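For the protein sequence lines, the chains are D and H, in the order given. Note that my numbering has the first sequence beginning at 24, numbered continuously upward. Note that my numbering has the second sequence beginning at 73, numbered continuously upward.
One or more of the hints may lead you astray.
[Stated by the list, open to error] Straight line, CA to CA, 25 Å or less: simulated PhoX-like cross-link-like pairs of lysine-lysine:
id, chain 1, residue 1, chain 2, residue 2
1, D, Lys190, H, Lys114
2, D, Lys132, D, Lys200
3, H, Lys114, D, Lys223
4, H, Lys154, D, Lys193
5, H, Lys154, D, Lys190
6, D, Lys190, D, Lys96
7, H, Lys465, H, Lys434
8, D, Lys223, H, Lys244
9, H, Lys154, D, Lys192
10, D, Lys132, D, Lys192
11, H, Lys154, D, Lys200
Source of the hints: derived by calculation from the structure; they are not laboratory data. Just so you know, these numbers come straight off a predicted model, no measurement behind them.
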Amino acid sequence: MSNFITRALTTALWTTTLVGCGQGEVKHFSVDEYPQALSDWGIIELQGTQLKVHDSAVVYELNTALFSDYALKLRTVFVPVGESADYHPSDTFNMPVGSIISKTFFYAKDSQGRLITTSTWQGDPRDVSTSTHELVETRLLIKQVDGWDALPYVWDGDDAYLSITGKLKKYTLTNQKSLNYLVPSSNQCASCHATNHTNKDILPIGIKARHLNRTSSLYQANQLAHWQSKGMLQGVSEPAPSNALWADQAASLSHRARSYLDINCGHCHNAAGAADTSGLLLDYEDHPKSAMGYCKPPVAAGSGTGGRLYSIVPGHPELSILSFRLDTDSPAMMMPELGRSLIHKEGVELVSAWIAELEGECI
Amino acid sequence: MMNSNAIKLISTLALSAVISACSQAPEMSFQESFRQALETAKPGDVITVPQGTYSFERSLILNTDGVTIRGQGMEKSILSFKGQVAGAEGLSVSASDFTIEDLAIEDTVGDALKVNEGNNIVIRRVRTEWTNGPDVNNGAYGIYPVQTTNVLLEGNVAIAASDAGIYVGQSKQVIVRNNRAEFNVAGIEIENSIGADVYDNIANNNTGGILVFNMPNIAQRGYATRVYDNEVNSNNTANFAAPGTAVSGVPAGSGVMVNSNDQVEIFNNRIADNNTANIVISSYFSANYAGQQELAAEFDPYPEEILIYDNTFSGGGTNPGFDYLVQLRDAIYGVDGAFPDIIWDGIIDPNKADEKQVICVKNGNAQLLSVDAGNEFKGAGVDMQKHDCTVAKLAPIVFADA
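Generate the whole structure from the sequences, applying the supplied hints.
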């Protein structure tokens, strides 16, 4: 049976379901049956021009989030009814089989279809419409008995379709610059989500207490408390850690910068991560200063040094490799290696301001 | 843990690609089917690269154990990354029991072939090259296994990497043989690795020919490397590494160079016309990289148990790659003179009185000059008596049966 027929049949089935009940069920597929169309999962789909999240999936936000070329992101988590995730103060929550996490990347667009990188969004999926927004991709993490699977779906018209090999999408921005947006392949998903590069298990990155511990802009309650009250999370122990919102001027510069490095770098730059080869550890743990980059020479950075001698020179972002690698869009030099093709100016400014504030001297 | 449904879908896609190949450029169908084969690979797969030059805009990635990638020859099956816009490598592999052979990877923006963590790695008759020649903007590494065990690199060709053509980092049980590395900053570099045999290679026309280094801030300290039966000639290419990198401190004209590493045996090589010196031995303090004061306490910066014997030397030492070395050469040997075959920074562990165990030389009339870098060169001179010693020879590397 061809994929086209499968899709047509599925659509027909869905139409029936939708007509009958108003909203279909969230479906779980075995590893042998992953559907081509995102809508088949029932988690997220277009109804007309409007993005619709299934009622049983919970929209959530992170404190400081990974920078992804200024894309806006809609995150949802679905936990099977009657099941719950286990709280952990520092690690990714253990989630029950059947859980589905989605992250949809999109941009506001102007009347000519050019992407706007400066727009904001208040976190309500009902405000996302294809008439005003460009949907790019939706990534799913599916919890199976053997662990998590990562599936990239690329939006095309009124649905998104499975693209195991990823895709390079080319857009024009409102400033006339072009954007080479990389939808990661399935293996590239693992490049970041296998946060332990030795056992190579794929794990969600954002589903940790310190990233989730914040007030939802959608429903104005603490997310951990909300998840627990819904029965989808158990064992929350106070006080739960909390990363900063990187732009929150009320938080200390150090907390904001460490939070930024944690989510943008820590998935590889941790003691068991793919970038442990560098000896540079940027996750939000207590590491020796040299491991955090203070006066630390690079190991295999190549041209990524930018001609600078140390990852961090206290007081001197202009001499620090960390600032350089964030402030370039050359694929050979930039960090993170994957997930962006633009420079996050505000992120560079934050990390540089933090380095400028550090005290010490590299001899 | 890619699923079989995706594989089925992809087989269908691949099949339709083949069926419709008549109406498409065949290169296009190969790029996509090759990427799909990597993404959906199962242990035991042999993924072939036919003859042809195939262009890629983004890096390729393999995460599945037990896969072989096989081309038709390093001059016939070419993966070209000229114009690459995404990804820090050409091919990035994170898997064990991996073999790649008989193809070329050209003009990647970053590293050409990186294998990060894995056991039983074979890289054979692969060419990595930046076709524009030496340039600071070339990618850093050609062939780059890191944190691997039982790794065999043989018959490869590595040209014009802005760091090392062949770079084995933080690995164990390493064999590097019959390779050719030319016009890189470092031809072949063994770094923070335990147990490496480097033999029958040609390392000519790099900035430094064959390097055995240890870097600080790395969990694994390296030792036990044998460098023998190699051709190491005319490594006089101006250093084009990015400032700040370890190899940016390598003076042009270095044949075989040991830095901060222990138990290194250098024997039966033919080493000629390297214009700083045919062999350079140095501590971390002479490596010209930063952070020395802070790091010395947690790191063994001294080369020790270096054994040099039965090499065939000729030429070299006539045009040292750093100004301070030129001045020293002028002072000791005159402007038309030459350094001897071996130079050493002369910096020893102050806690170890017996200097003899640092470098042992049994190499005919070859001389070793200590430049006494730790005392502003005041005691620079040759005293072969101090190097008339021996240390236990290392056993050959034999891979454990897998």
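- Item | Hints the structure fails to honour | Of the numbered hints, all hold.
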